[in-house]
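Protein chains in written order, with my numbering: chain P, 1 to 426; chain V, 427 to 928; chain C, 929 to 1332.
These aren't lab readings, by the way, just hints derived from the structure by calculation. Keep in mind the model is a prediction, meaning the values are calculated, not measured. Ideal placement from N, C-alpha and C gives every residue a C-beta, glycine not left out. Warning: the hint list may mix true and false statements.
Unchecked claim - Listed next, the in silico SDA-like pairs over lysine to any residue satisfying Cα-Cα at most 25 Å (straight line):
hint, chain 1, residue 1, chain 2, residue 2
1, P, Lys300, V, Asn496
2, C, Lys1131, P, Thr60
3, V, Lys624, V, Gly663
4, P, Lys359, V, Arg585
5, P, Lys300, V, Arg585
Unchecked claim - Which residues of chain C face chain V? A partial, calculated answer using Cβ under 7 Å:
hint, residue
6, Phe1189
7, Gly1205
8, Ser1209
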Amino acid sequence: MTATIERVETPEVRNRATPEERRSTIVGWVLIALGLFVFIFFGLGLDGDGTATFNMSLQTDRFKDLAWVVDARLLSFIVGVLIMGLGVWRLTRRALDWTNIALAVGFTLFALAFLAWAAAGSQFSMVGMIRSTVILSVVVVFGALTGLMCERVGIINIGIEGQLLASAFAGVVLSSAFGTLAGLSGALLTGALLGWLLAWLTIRFNVDQIIAGVVINFLALGLTSLMSARILSDVQSLNAPARIPAWRIPFLADIPVLGATLFDHTFFVYGMFILVVAIHIGLFYTRWGLRSRSVGEHPKAADTAGINVYWVRYRNVILGGMIAGFGGAFLGLAQVARFEEDMTGGIGFIGLAAMIFGKWLPFGALGAGLVFGFARAVQQKAAILNIGIPSEFLLMLPYVVTIIVVAGVVGKTRPPAADGQPYIKE
Amino acid sequence: MALELRGITKRFPTVVANDNVSLSVAPGEIVALLGENGAGKTTLMNVLFGLYSPDEGQVVIDGDHLELSNPSASIAAGVGMVHQHFMLVPVFTVAENVILGLEPVKGLSLIDRTKARRLVTDISDRYRLAVDPDALIEDLPVGVQQRVEIVKVLARDARYIVFDEPTAVLTPQEVEEFFEIVRGLKDDGKGVIFISHKLNEALEIADRIVVLRDGKAVGEVNPADTSKEQLAELMVGRPVLLTVEKSDAEPGDVVLSVENLVVLDDRAHRTVNGASFEVRSGEIVGIAGVQGNGQTELVESIVGMRPSLAGRVVIAGHDVTEHSPRQIHESGIAHVPEDRQESGLVLDFTVAENMVLDSYYDEPYSRGLRMDWATATEAAQRLVDEYDVKTTRVDVPVSTLSGGNQQKVIVAREFDRDVKLVIGSQPTRGVDVGSIEYIHARIVEQRDMGAAVLVISSELDEVMALADRILVIYQGRIVGEFDPKSVSSTEVGLAMLGSGEG
Amino acid sequence: MGDQEHEGRPDPESHAAGNDVARRVSGIDEKLGRAILTPLLALVLALAVGAVIIMVTDVDAWRLMGEDLGGALGEMLEGVWIAYRELFRGAFGSVRAISETLFTASPLILAGLAVAVGFRTGLFNIGARGQMFAGGLFALWVGLHVDLPALIHIPVALIAAIIGGGLWGGLAGFLKARFGAHEVITTIMLNFVAAFFVLYILKTSLFQEAGSNLPQSAPVLDSARLPPIFAQQYRVNISLIIAVLAVWFIHWLLFRSTIGFEFRAAGLSASASAYAGMNVSFLYTAVMFVSGGLAGLAGASMTLGLPPYTVTSNFPGTIGFDAIALALLGRSHPVGVLWAGLLFGALIAGGRTMQAAAGVSVDLVIVMQALIIIFIAAPALVRAVFRIRAAEAEPTQLTKGWGS
């Protein structure tokens, strides 16, 4: 044994911060700016009557005429200060795990202040707003779950948009011709078929996953538009499905606020919540989930453990397609109840962003979907309130939110390790 | 009763990886499959394990022909394999990895975690493997991960176990422990195939040694009747130097100085945590350490690919801590990166394009924005000749070259200019003996021309042979310094485990 | 990975030396064959599938099916014949048709180049549409509000288009380089944002004709209108020349310039490029600027070159998406994109005639594009259909997962 270097103590860290610390600082400044904005524009900038009335019940409710009356100016002052406080707290870079929560709370408060400001001097149905949020998030959540099912086994699905669109079309046509059940099955089958196509192209022919997804979007858009132009315009009875009615859950639907927002919906909405729970349990507590995740993280390890990687990928991507089919059915049979060319309008991609935002977790997908639903609900309600912002800018909102989300507002996320990588055996 | 591979032939588009290879192992026997990198060892075992399908030949286990379609058939027949690159899911626990594919379930196919845990502890206790069923794989050191692989194999009731280069990532002490485990398996009646390119280890552990060269089985020897030199010749086809020939170092001025460096890895762990050392011109400093103790991040940080959290890197008197990779490169660094296929080469680029990959932007290869491909091609041709790169032309994709020749392309590119500091990360990983000798000689040559050389290798033998001074890295710090001429690999190995200090 | 791969393919020199010449010759043959044969077969297959689609969507024939099977089938086949005859006539049947094909091809080539440049750098730019909006809008503003002689006015407008499209594309590149936001999602989202913005801005006094309330611009000043090449009655204009010049320039950029070398290196291995000292973040932003600039030119060709020179809110049409198929068909090579652009120009120009004369919606062209992409990206599929011997495996992975 020869000389040994003397021990060095862990040195003082210079001002080069870790990514999480930097993010905390950025979020801090964003929150301070947001708080200041609320304080100045929604608080000081509010003219005239500052009383906002939030209706907390619908006319159809058992308990009517619940309302929350609030002074929008005062609320904005309080909220503005609170948000700035959150920002200052982030600037201290303590409790880094709380950055996202601070951000979420900050934006929720901002939304509240915004609504109060917009509704100042008039009335606004808060319950209607939350109800819209839930409904508008359904397709996003189904899209996110589709993406999650595929990416958990290592296949990126850019074709969610096309899967939604094609199954909406199939659902509408079959439902118009043969009834709701046929429409629903047709939508599920179409989703499954396009899921299979994605798996087949990427696994059997080793087509780049993103290109295969783009192909599915093209095919769906082209075929549905073509058939819509050639068939539906001619035989209009094929574009008139019976709207699937809401199914009011007895007693639960009578609870104030919660009843109207959660328990008076079509079965698609209940299905969404059930599916989220089911996929969560499935992924993390069952054999199916363990095997699926192993294929998405380390397919070769799965293979050497005797798991058929290709079969698992086929199965999950097809199941994912069926989830998209369910989402498409909701779009075509319940939400809109007819087919329109390109009726998805990018919502599949928003679903994909929700999946990333939700960190590849089912409950994350639900949460992210609700955020997007909220953004769209705000856009719709704000358009009604006529607050002077051009509607085009409100329409942009969900897309801008998506960009901000994928630009890493949630910090560094960790996709499944083998995501997007073909598994090639000799 | 035996596992037999009969006349296995496996062809790839450009090469025959296995040419009529036969091999057998009986229960309670340890057979070493010896061969240098590229000899076809891993291919043969992947055939046995059903990952590749052979073009000819068959696998017979205890008299039964094995349909070689996929790993499950091999597993069912009692074959287990501990791969060189562990087949473990990093984000799963030990128990989850072990039960993958044979999950105990209860009720509605929910995984029975109690049973899973018990399975792991039972096997772990019986063979004294000491693994914690609830630990996350990514948090475990490689030595423990290897034991998890063994548990995995045993949980599948394997009777024949293949170890593919199992000692590559272990310290000498760990190798001894590992051999104890293997002997225990042998006593338990398991047939063991031990794949290696290390002569000493094959001689120590095996009952029988089969040598593979260029895809053919070229000999079978009894360890008692052979010598290291004989084996080496059989393995390479010619006598080989087992040491690096070099004169004593004459260290000059400090060229590289690393001071209290702290670097985060991708998971935000402080993988390099206060490392300090110096490298002088005219000396080769080798960094030894168990894989995953911060070597990768240390090098990435020195060459500017990874920001450091604290500390300084000084090259030839200039603080380059905040400099870009190009600035650092221009200060006279030749860097042979750890993963040549990922970081060293653009595989789909031609040899010529790769030769100018970090010098294309300046005279003589370009003027302004315009590339001068004629000059670049000429230079590439000169380098190919000078550095003995075996390729048909310089305008073929570099991916068509063998590993050793790919590495020589990088060495040629990096060494062909005024070099003050050479950094070689795993400079000879996965290349053939001829290329290893060649690259070692070139590194020594750089030293003799006055460059400071830093070599990082997980192969302790390489560090011992090449370095003038050995530094041991453990948990992101330099914990020991040794003179390779007066220290045994056991002592260095102890330091690598963090217990060898003063 | 490393070691195992080498076990798989050791020393080719020991084996390849003998048949090197043979391999080289057959290699050239195969390369040429693949470059021409595969796209050709893909086109044939796409036309065949398109025919089937025309048949099964023939509502009138289906109504006949019950009574007169033969007649119904006959009518379906006749439908296909008429559709494809009109498609061909609309593409090549007259000087006007050829002018239409070239006119349609010009922005397609530019947008296709945009996508191809991205592919070469490993980026999948689905945002040509948004970048066309941005570039077209910038050019339109110059075309409406800057009064200059034509000789200066047009170049200024085109530079504005490059800047507009470049900034919009560069934004996506920057978001990827700085924050790791995947360009596939950001470019699609930026498409929507741009579309809504154009819808808004065309209704403001900045662009709208006084007295109108439609989202439609005032007519572009005469001096900024892209002049026709042949004659006033044929629509093909100088954007064709711009497109051909762009093909030449991009070819030079990719294969003869240092930055093109960097683009291609980053596209094939971002990691190795970074180790070689290239600034990959900068390259992502730069290539998206170039890509966006090309798409911006395509946008300008739609705002300044399309009679009657009043711009509506969906001026890029489907060009932004056609560009993706086009880049794939042209194998991301500038010259390949030129030919693919001419082919698609013919398909779309012919498709318009087909829609008018045969009642088959031009959406069929989208389906055919999707099929062409499949067949190009999965050569094994084409080989299976035509029972061609498999050549060496061709990796088709162009893009990467979310991580990179």
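Discussion item. For a C-alpha distance cap of 25 Å, please report whether Lys300/P and Asn496/V respect it.
Written reply: 12 Å, holds
Fill in: Pairwise hint evaluation, Thr60/P against Lys1131/C, where the allowed Cα distance is 25 Å at most
40 Å, violated
Worksheet item: Keeping to a limit of 25 Å between CA atoms, is the pair of Lys624/V and Gly663/V held or broken?
Response: 16 Å, holds
Discussion item. Does Ser1209/C hold up as a contact with chain V if the rule is Cβ-Cβ below 7 Å?
Written reply: 11 Å, violated
Item to complete: Would you mind confirming whether the straight-line C-alpha gap from Lys300/P to Arg585/V stays at or under 25 Å?
Response: Within the cut-off at roughly 22 Å; holds.
Worksheet entry | Given hint Arg585/V paired with Lys359/P - CA-CA distance at most 25 Å | It is violated: about 42 Å lies between the C-alpha atoms, which goes past 25 Å.
Discussion item. Would the hint on Phe1189/C be counted as holding, given a Cβ-Cβ threshold of 7 Å to chain V?
Written reply: 6 Å, holds
Worksheet entry | Hint validity - Gly1205/C Cβ closer than 7 Å to any chain V Cβ | Gly1205/C check passes; min Cβ-Cβ to chain V is 3 Å, inside 7 Å.
Hint compliance for this structure: hints 2, 4 and 8 are broken, all remaining hints hold.
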